[in-house]
Amino acid sequence: MKYYANATIGIVVAGNLTAGNSSTQLNSPKGVAVDQYGSVIVADSSNYRIQQFVSGSMIGITLASNSSVNLLGQVRDLHIDVNNNIYITDSDHSQVVKYYPYNSIGVVLAPTNGTGSGANQLSAPYGNFIDGNGALYIADAGNHRVQMWPAGATTGITVAGITGSPGSNSSQLRNPYSIIVDNNGLLRQCEL
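Numbering (my numbering), first residue to last: 11 to 202.
What the hints contain is simulated information worked out from the structure, not anything from laboratory work. The structure displayed is predicted, hence computed values, not measured ones. We put the CB at the ideal spot given by N, CA and C, even for glycine. A portion of the hints provided could be inaccurate.
[As the list claims (entries may be wrong)] Computed spacing ranges between beta-carbons, pair by pair:
id	residue 1	residue 2	range
1	Thr164	Thr28	18 to 26 Å
2	Val92	Gly128	28 to 36 Å
3	Leu27	Thr164	14 to 22 Å
4	Lys12	Ser32	15 to 23 Å
5	Gly128	Thr28	40 to 48 Å
6	Arg184	Leu27	31 to 39 Å
7	Gly124	Asn93	26 to 34 Å
[Stated by the list, open to error] Simulated crosslink set (EDC-like; lysine to aspartate or glutamate; CA at most 16 Å straight-line):
id	residue 1	residue 2
8	Lys12	Asp45
9	Lys108	Asp91
10	Lys40	Asp141
11	Lys108	Asp45
12	Lys108	Asp141
Kindly produce the complete structure, drawing on both the sequences and the hints.
Structure, rendered in structure tokens:
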């Protein structure tokens, strides 16, 4: 849905309000972004795919989907960088994958060592964010932390929360879900 300022009624820009797997339908969309050309990119979670809706069109184009050469699970979030690269969080496989424009095969950025709680592992990640320096921030929900992976790094650094220690005090997180880093480097996150 697209809402103009002060509007109370939205305009459908992707999907048709009925869950399904056709090119005009979505099933449990979890993330949405708009690329530099005005296309709406959707993490179509329960259909295990990434859909593009070109501006003005209600017919989705599958940019990436689950296959034997492109293992894609429940896509929980996505972001697009200034070069139109798409970064998705795949919660089923505990990984963040980068898709280059016009390429349906992704490159796993994190983790480098499977599911777990190590610095090079994730557990049920949800949100992701790329800052202006190319650092990848990941809401690592299963480990109750936010990890920052500097550009090109093979391990992450815990920047919020305590690994494996959920809680409500100022140093703990409980299932971080969505994250963003502003231009001043301030991290903002939501918890489930």
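Self-check item: Broken hints, by number
Solution: Structure breaks hints 1, 3, 10.
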